[in-house]
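J.: My request is simple: use the sequences and hints to build the entire structure.
Here is how the chains run, residue by residue.
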Amino acid sequence: MDLLVTGVAGFIGSHLAERLLKEGFQVIGLDSFLDYYPKKIKENNLKGLVSDNKFTFIEGSIFELNLKEILKRVDAIFHQAAIPGVRASWGKEFNKYIENNILGTQVLLEACKDAKIKKFIYASSSSVYGDADELPIKETSATKPVSPYGVSKLAGEHLATLYYKGYDISTVSLRYFTVYGPRQRPDMGFHKFITAILLEKEIEIYGTGDQTRDFTFIDDVVEANLQAFIKGKNGDVYNVGGGSRIALIEVIKIIEEIVGRKAILKYVEHQRGDAQHTYADISKAKRDFGYTPRVDIYEGLKRHYDWLKENLDVYR
Amino acid sequence: MPIDEKLLEILACPKCKGDIRLKDDQSGLICDQCKLLYPIKDDIPIMLIDEAIKLEQTE
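These protein sequence lines map, in sequence, to chains A and B.
Mapping to our numbering: the first sequence position 176 is 176, numbers consecutive.
Mapping to our numbering: the second sequence position 54 is 370, numbers consecutive.
Check the hints yourself; a few may be wrong.
[What the hints assert, rightly or not] Straight-line C-alpha distance at most 27 angstroms; calculated BS3-like pairs for lysine-lysine:
no.	chain 1	residue 1	chain 2	residue 2
1	A	Lys116	B	Lys333
2	A	Lys54	B	Lys339
3	A	Lys302	B	Lys339
4	A	Lys54	B	Lys333
5	B	Lys322	A	Lys113
6	A	Lys68	B	Lys357
7	A	Lys22	A	Lys119
8	A	Lys116	B	Lys370
9	A	Lys309	A	Lys262
10	B	Lys322	A	Lys119
11	A	Lys72	B	Lys339
12	A	Lys54	B	Lys322
13	A	Lys118	B	Lys333
14	A	Lys233	A	Lys118
15	A	Lys201	A	Lys262
16	A	Lys302	A	Lys47
17	A	Lys116	A	Lys231
18	B	Lys370	A	Lys54
19	A	Lys266	A	Lys192
20	B	Lys331	A	Lys39
21	B	Lys351	A	Lys47
22	B	Lys322	A	Lys116
23	B	Lys357	A	Lys116
24	A	Lys22	A	Lys262
25	B	Lys333	A	Lys113
26	A	Lys138	A	Lys165
27	B	Lys333	A	Lys22
28	A	Lys39	B	Lys357
29	B	Lys357	A	Lys72
30	A	Lys47	B	Lys357
31	B	Lys331	A	Lys68
32	B	Lys357	A	Lys233
33	A	Lys116	A	Lys201
34	A	Lys96	A	Lys39
35	B	Lys370	A	Lys118
36	B	Lys339	A	Lys138
37	A	Lys68	B	Lys333
Just so you know, these hints were derived from the structure itself, not from any lab.
T.: Printed below as a string of C-alpha cells:
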C-alpha cells in the first residue's frame, strides 16, 4: 500500500512518514520547502527518510504537480502541508495562508474525486477553537478562531468534511493541540525556551505566563494519525491532545530542572492571535480509535531537550 | 541510485503537465515541450518551475 504524506519535510510530516515506513508501507513524500523557516532544517528532518528505499521524495508544489498520476498510485493521504504560525498570519501574509492552507487543501481534495483514496487525513489545529467558552474543549464546542491562521485551518477542515459529503471522499480531520518534541519548528515555544536556556539567553514570555496549553508529544500525534487512518469515522473531526494542561510558566520550571540552569525571563505583551487556555477533551478519539496519549510532559520535554542539545547547530 | 521508473510514470512537467523524460546522464528531467530541465539533486527530483533550468542554457 502506498501512502502520500504532504509537508513531509516538516516537523510532524517527517515523523509520520518515518513511522509509516516502519509499519511497512511505501511512502511518497511531497514538500515544496515553503520559506517559513530555513530549508536546511527541513533537509535535516528528511535525513532519516531519504535512505529508505520504500520512500520516494518529490520536491514540488501541490499546485504544479501532476496529482492525478500521483494519486493513481496512492491509497491514502496524510495532508500535513500548510503554512503554520498564528502570530505571523495577520496582514498581507494572510494571502499565503489562503493559498497554501485553503486552496492547497481544496486542490488536493478535488484531485481525490477521480482517485480511489481510502482515507484522507487532514491535519487540523486546536486554533480552530480560539478562546474556548468551556474546558475541556469538545469537538462540538464553538469554533471561533482568534487568528487568521485558525480561520484558514478551519476552512480546510470544512472543505475536507464537504468533500466527504459531496463526493464520498473518506476524510478525517485531526485537531492537534500544541505539538512538541524533536524537530519542533524553530518558531515554536518549547524550541525557543530550551534553546534560550541552553545558550543562557533571555526568554520572552507573552503576557503573564499563566496561559495554559494542552501539549501533545509528537509520537502521540503520529499514533493518532495511524489509528485514525485505520478506524477514524469518515467526515468526522477529532481532538488530539496530550491529556493534561499546564501553565507556560510551569513548563519553564520543568525545563530549568532538566537543563539544570535557571531561565532568564522577560515579560512582553500578550500576542494577538494567542488563545488564553487550551485543553482537549480526547474521549471521542479514544472511543472511536483507541487514542491514548502515552508521553507526559516531563518525559516529552526530556526527550525534546536530549534531541535539541545534539542538534542545536542545525538551527544556528 | 538510479531514479525509480515508477516515479517517472507519476511525474509530469509542472508547467504544461506534459510528459517528461530522464536526461541521459540522469542529472534531471526534461520537458521537451517547455524546453526546461528539472534538476535531480541527491536522487530527489526538484519539480518546481522556479528552479527549472532553460534548456538552451545547458545544451
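J.: Confirm or reject each hint.
T.: Status of each hint after checking the structure:
1. Taking the CA atoms of A:Lys116 and B:Lys333, the gap is about 21 angstroms. The hint holds against a cut of 27 angstroms.
2. Of the pairs offered as hints, the one joining A:Lys54 and B:Lys339 holds, with about 24 angstroms between alpha carbons and a cut-off of 27 angstroms not exceeded.
3. For the hint linking A:Lys302 to B:Lys339, the alpha-carbon distance of about 48 angstroms lies beyond 27 angstroms, and the restraint is violated.
4. Of the supplied pair hints, the one linking A:Lys54 and B:Lys333 holds, its CA atoms being roughly 26 angstroms apart against a limit of 27 angstroms.
5. A distance of roughly 22 angstroms separates the Cα atoms of B:Lys322 and A:Lys113; the hinted pair therefore holds under the 27 angstroms criterion.
6. Between A:Lys68 and B:Lys357 the CA atoms are separated by roughly 24 angstroms; this keeps the pair inside 27 angstroms, and the hint holds.
7. At most 27 angstroms may separate the alpha-carbon atoms for a hinted pair to count; A:Lys22 and A:Lys119 meet this at roughly 19 angstroms.
8. Straight-line distance between C-alpha atoms of A:Lys116 and B:Lys370 comes to about 36 angstroms, which puts the hinted pair past the 27 angstroms bound.
9. Proximity of A:Lys309 to A:Lys262 is assessed by CA-CA distance (about 16 angstroms); at most 27 angstroms being required, the pair is judged to hold.
10. For the hint pairing B:Lys322 with A:Lys119, the CA-to-CA distance comes to about 22 angstroms; that is within 27 angstroms, so the pair holds.
11. A distance of roughly 25 angstroms separates the Cα atoms of A:Lys72 and B:Lys339; the hinted pair therefore holds under the 27 angstroms criterion.
12. Between A:Lys54 and B:Lys322, the direct Cα distance comes to roughly 12 angstroms. Compliance with the 27 angstroms bound is thereby established for this hinted pair.
13. As the CA atoms of A:Lys118 and B:Lys333 are separated by approximately 25 angstroms, the hinted pair is consistent with the 27 angstroms bound.
14. The suggested pairing of A:Lys233 with A:Lys118 holds, with an alpha-carbon distance near 12 angstroms, which does not exceed 27 angstroms.
15. A threshold of 27 angstroms between alpha carbons decides the hint, and for A:Lys201 with A:Lys262 the separation of about 10 angstroms falls inside it, so the pair holds.
16. A C-alpha spacing of about 22 angstroms is found between A:Lys302 and A:Lys47, which places the hinted pair at or below 27 angstroms, so the restraint holds.
17. Distance hint between A:Lys116 and A:Lys231 is fulfilled; the C-alpha atoms sit about 18 angstroms from each other, no more than 27 angstroms.
18. At most 27 angstroms may separate the alpha-carbon atoms for a hinted pair to count; B:Lys370 and A:Lys54 exceed this at roughly 32 angstroms.
19. Taking the CA atoms of A:Lys266 and A:Lys192, the gap is about 13 angstroms. The hint holds against a cut of 27 angstroms.
20. Restraint check for B:Lys331 and A:Lys39: the C-alpha separation of about 23 angstroms stays at or below 27 angstroms, so the hint holds.
21. Between B:Lys351 and A:Lys47, the direct Cα distance comes to roughly 32 angstroms. Violation of the 27 angstroms bound is thereby established for this hinted pair.
22. Restraint check for B:Lys322 and A:Lys116: satisfied, since their Cα atoms lie roughly 18 angstroms apart, inside the 27 angstroms limit.
23. Between B:Lys357 and A:Lys116, the direct Cα distance comes to roughly 31 angstroms. Violation of the 27 angstroms bound is thereby established for this hinted pair.
24. Taken as a hint, the A:Lys22 and A:Lys262 pair is broken in the structure, with Cα atoms around 39 angstroms apart against an allowance of 27 angstroms.
25. Taking the CA atoms of B:Lys333 and A:Lys113, the gap is about 19 angstroms. The hint holds against a cut of 27 angstroms.
26. Pair hint A:Lys138 plus A:Lys165 holds up; C-alpha atoms about 22 angstroms apart against a cutoff of 27 angstroms.
27. In summary, the hint linking B:Lys333 to A:Lys22 is not supported, as the alpha carbons are separated by about 33 angstroms, beyond the 27 angstroms threshold.
28. For the hint pairing A:Lys39 with B:Lys357, the CA-to-CA distance comes to about 14 angstroms; that is within 27 angstroms, so the pair holds.
29. The straight-line distance between the Cα atoms of B:Lys357 and A:Lys72 is roughly 25 angstroms, inside the 27 angstroms bound, and the hint therefore holds.
30. Only pairs whose Cα atoms come within 27 angstroms are accepted, and A:Lys47 paired with B:Lys357 is accepted, the gap being roughly 14 angstroms.
31. Only pairs whose Cα atoms come within 27 angstroms are accepted, and B:Lys331 paired with A:Lys68 is accepted, the gap being roughly 15 angstroms.
32. Restraint check: the Cα-Cα separation between B:Lys357 and A:Lys233 comes to about 40 angstroms, which exceeds 27 angstroms; the hinted pair is violated.
33. Among the hinted pairs, A:Lys116 with A:Lys201 is inconsistent with the structure: their alpha-carbon atoms are about 52 angstroms apart, more than 27 angstroms.
34. At most 27 angstroms may separate the alpha-carbon atoms for a hinted pair to count; A:Lys96 and A:Lys39 meet this at roughly 18 angstroms.
35. Taking the CA atoms of B:Lys370 and A:Lys118, the gap is near 39 angstroms; set against the 27 angstroms cutoff, the hint is violated.
36. Of the supplied pair hints, the one linking B:Lys339 and A:Lys138 is violated, its CA atoms being roughly 54 angstroms apart against a limit of 27 angstroms.
37. In summary, the hint linking A:Lys68 to B:Lys333 is supported, as the alpha carbons are separated by about 10 angstroms, within the 27 angstroms threshold.
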